[in-house]
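Could you put the whole structure together from the sequences, leaning on the hints where they help?
Residue-level listing of the chains:
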Amino acid sequence: MKTINPSKLMIAGAIAAAVSTFAAVTPAYAADVEKCYGVALAGENDCKAGAGTSCQGTSTVDFQANAWKNVPAGTCESIENTDGSKGSLKEMKM
Amino acid sequence: MGDFAALHKKFTKALLKPQLDVPDGLIAVKAPNIQRRFDVYRNNVMASLIEALKANFPITFALVGQDFFNALAVGYISENPPVIPMLFQYGAEFPSFIAEYPAVSTIPYLSDVAQLENHWRAAYHAVEKQSIDITAVQAFSPEDQMNLQFEIHPSASILKSGWPIYSIWQGHESGDMSQIDLEVSENVVICRPQVNVLLANLNMEACVFFRQIINGQTLGEAYGAAAELNEEFDLSYSFGQLFAMGLVTALSVKN
Amino acid sequence: MTNFTHKDIPNSAGVGLKAQHYNTILDEKPDLGWFEVHPENYMGAGGPPHKYLTAIRELYPLSLHGVGMSLGSPTARLDPEHLARFKALVERYEPGLISEHLAWSTHEGVFYNDLLPLPYTDETLGHLADHVNEMQDYMGRQVLIENPSAYLAYDDSPYAETEFLRQLAQKTGCGLLLDVNNIFVSASNQGYDPYEYLAAFPVEHVGEIHLGGHTVELVEEDDKTVSKILIDAHSSAVVDDVWGIYNKLIGMIGPKPSLMEWDGDIPDWKTLYAEAQTADGFMAKLEMKETA
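Residue numbers (my numbering), protein chains in the order written: chain A, 125 to 218; chain B, 47 to 301; chain C, 622 to 913.
One thing to keep in mind: the hints can contain errors.
Said to hold, decoys possible - Selected chain B positions facing chain C (in silico; Cβ < 8 Å):
#1 Val-75
#2 Ile-80
#3 Gly-111
#4 Gln-112
#5 Leu-133
#6 Phe-134
#7 Ala-172
#8 Gln-176
#9 Ile-178
Said to hold, decoys possible - Each computed DSBU-like pair below joins lysine-lysine, with the alpha-carbon atoms no more than 35 Å apart:
#10 B:Lys-175 <-> C:Lys-849
#11 A:Lys-132 <-> B:Lys-300
#12 B:Lys-100 <-> B:Lys-206
#13 B:Lys-55 <-> C:Lys-891
#14 A:Lys-132 <-> B:Lys-206
#15 C:Lys-910 <-> C:Lys-845
#16 B:Lys-55 <-> C:Lys-708
#17 B:Lys-175 <-> C:Lys-672
#18 B:Lys-100 <-> C:Lys-672
#19 B:Lys-56 <-> C:Lys-845
#20 B:Lys-100 <-> B:Lys-59
#21 C:Lys-891 <-> C:Lys-869
In short, the hints are calculated from the structure, not lab data.
Glycine residues also receive a C-beta, built at the ideal position from the N, C-alpha and C atoms.
Shown next as structure tokens:
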């Protein structure tokens with residue numbers, strides 16, 4: 125690997141180019157000053173009791189379901205692997 | 047402190063462990079099934095904490111679906127219950143819990159996606175600060191520009207990954223996960239200069255450049271490190287992106 | 622940062638503010654007395670939650686209703702960090718009222734995110750009073766304490782809840798927040814008459830009222846009997862029985878700040894607003910009767 129010694133003129137040139145390109149464009153974030161678009165519904169505290177204590181799937185007893193029986197079944201299934209298989213990977217990629 | 051402290055201890059112990067008996071000293075007035083009534087409290091605790099994790103990790107949730115997520119969440123909650131009463135901060139250790147969770151081996155990118163969601167939330171709740179415009183660099187001579195140091199927005203962070211986490215994030219936003227190549231590694235810079243959290247995908251050399259800048263290296267040093275990795279490194283673009291993402295809040299020259 | 626000045630909570634209906642309704646409220650600026658939030662949701666350093674709350678506080682009085690102080694824990698002191706976070710919000714938003722619960726939620730550093738019950742004994746009254754005093758001293762103002770929804774009681778609990786709250790208010794000077802749905806839920810779950818509870822309640826200390834919905838679940842007590850448990854789920858409209866208790870209460874004490882809580886299966890703003898208007902309607906009828 126060769127060592128790079130940046131020259132000040134090279135850097136100054138790149139910066140000048142960046143200024144002329146980017147200064148003309150309003151930064152992406154400037155548009156969202158007026159109106160708040162994304163109200164994120166992060167975990168919220170409240171004083172309600174948990175939903176459906178006896179409904180199947182949410183009762184405490186059901187929470188103990190053996191994790192090993194559960195197979196991921198969400199949007200990960202639509203992520204396609206390079207070999208064309210879907211859902212799960214052939215091998216762990218390190 | 048007396049009797050209540052002992053009772054209190056028994057109560058909490060049984061809350062997260064349904065296999066334990068209902069602590070003595072409790073009654074269901076005019077009704078015999080105490081177990082079922084204690085389970086209301088158990089359920090409140092577990093269900094509300096699962097809901098909190100689901101809200102804090104929406105992409106992780108969508109990737110694995112309800113049943114698998116519930117199993118993950120129950121495991122996590124039992125090992126790492128919240129220690130502060132603000133649920134929007136709950137789940138700091140969730141990515142590492144996921145990484146260790148055996149059934150996740152078929153979706154090895156899940157932990158990094160959860161980590162990205164932690165970065166996203168940290169940016170969302172970070173303290174406000176005004177970002178500066180790129181034209182501010184024009185006040186510095188070419189000599190000084192080499193030695194520029196950058197004050198970084200408090201919401202900014204970088205996440206390196208061996209997986210296409212940016213594409214997964216984008217796929218989740220657009221509702222189309224079908225175009226994701228799992229062989230690709232992606233690095234993401236996250237910042238919230240105003241209201242919305244911004245994310246950008248950085249190639250390896252841009253990631254090195256951003257890292258160096260965030261760590262307080264000068265522009266010349268950061269450029270050198272990035273160009274060493276790839277001499278095609280596009281300084282002009284990355285420099286512009288620093289400001290377009292709102293990452294810079296002040297400039298100074300290192301003496 | 623905007624500097625707010627104190628704005629009292631009016632004796633009219635308010636709504637528990639949910640993130641889902643931020644934009645609608647700012648767009649429509651509905652005619653409503655006040656809003657209430659859980660301070661725990663605004664304990665981040667910055668970000669959209671504060672932007673929205675600031676914008677809404679500019680238009681309406683605000684009440685802070687804590688769920689994380691764990692006043693009923695058998696610890697010597699309250700969590701100093703949580704007190705500091707709470708106070709920072711009090712200073713930032715100048716709320717008209719602040720309140721907490723007759724409950725505990727933290728044990729040995731773990732936060733269980735539920736309002737858990739305590740026995741009503743001399744011992745618990747003593748340290749609850751200490752904790753309420755500590756919180757009021759720290760905040761430099763009165764705190765209202767809310768009656769819980771109960772699913773169980775303790776064997777050894779010599780005080781009635783109403784008497785316990787009366788003593789607490791007398792010892793500490795705290796106010797009380799009376800949740801009429803909680804009265805109905807606890808009364809049904811524990812087999813007493815909600816109106817007897819109301820008659821015994823120290824209503825002279827009530828500074829705020831809560832209204833909300835509950836769900837009903839069936840429980841097999843044994844092979845022969847099935848009974849019902851009421852769950853304080855806040856995921857539906859207020860039922861007529863609870864409106865009945867509310868109407869009786871305001872008949873006793875006059876119009877009071879009355880909050881509509883809806884935290885699960887959150888409806889559109891219109892539905893929630895209509896519930897608040899129902900409460901205002903009850904208060905208006907009361908005043909008509911008085912002037913007649």
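Taking the hints in turn, this is what the structure says about them:
1. Val-75: Since chain C brings a Cβ to about 4 Å from B:Val-75, closer than 8 Å, the hint holds.
2. Ile-80: holds (7 Å)
3. Gly-111: With Cβ-Cβ at 21 Å, over 8 Å, it is violated.
4. Gln-112: Not OK, violated: B:Gln-112 not within 8 Å of chain C, min 17 Å.
5. Leu-133: The hint holds - B:Leu-133 has a Cβ within 8 Å of chain C, the shortest such distance being about 7 Å.
6. Phe-134: Holds, because the Cβ-Cβ distance from B:Phe-134 to chain C comes to roughly 6 Å (cut-off 8 Å).
7. Ala-172: Cβ of B:Ala-172 sits 6 Å from chain C, so the hint holds.
8. Gln-176: Status violated, d = 12 Å.
9. Ile-178: Cβ of B:Ile-178 sits 18 Å from chain C, so the hint is violated.
10. B:Lys-175 <-> C:Lys-849: Violated: B:Lys-175 and C:Lys-849 sit about 53 Å apart, past 35 Å.
11. A:Lys-132 <-> B:Lys-300: OK: A:Lys-132 and B:Lys-300 at ~15 Å, within 35 Å.
12. B:Lys-100 <-> B:Lys-206: holds (24 Å)
13. B:Lys-55 <-> C:Lys-891: violated (44 Å)
14. A:Lys-132 <-> B:Lys-206: holds (29 Å)
15. C:Lys-910 <-> C:Lys-845: violated (49 Å)
16. B:Lys-55 <-> C:Lys-708: holds (29 Å)
17. B:Lys-175 <-> C:Lys-672: holds (13 Å)
18. B:Lys-100 <-> C:Lys-672: holds (24 Å)
19. B:Lys-56 <-> C:Lys-845: holds (31 Å)
20. B:Lys-100 <-> B:Lys-59: holds (24 Å)
21. C:Lys-891 <-> C:Lys-869: holds (26 Å)
Checked against the numbered hints above, the structure violates hints 3, 4, 8, 9, 10, 13 and 15; every other hint is satisfied.
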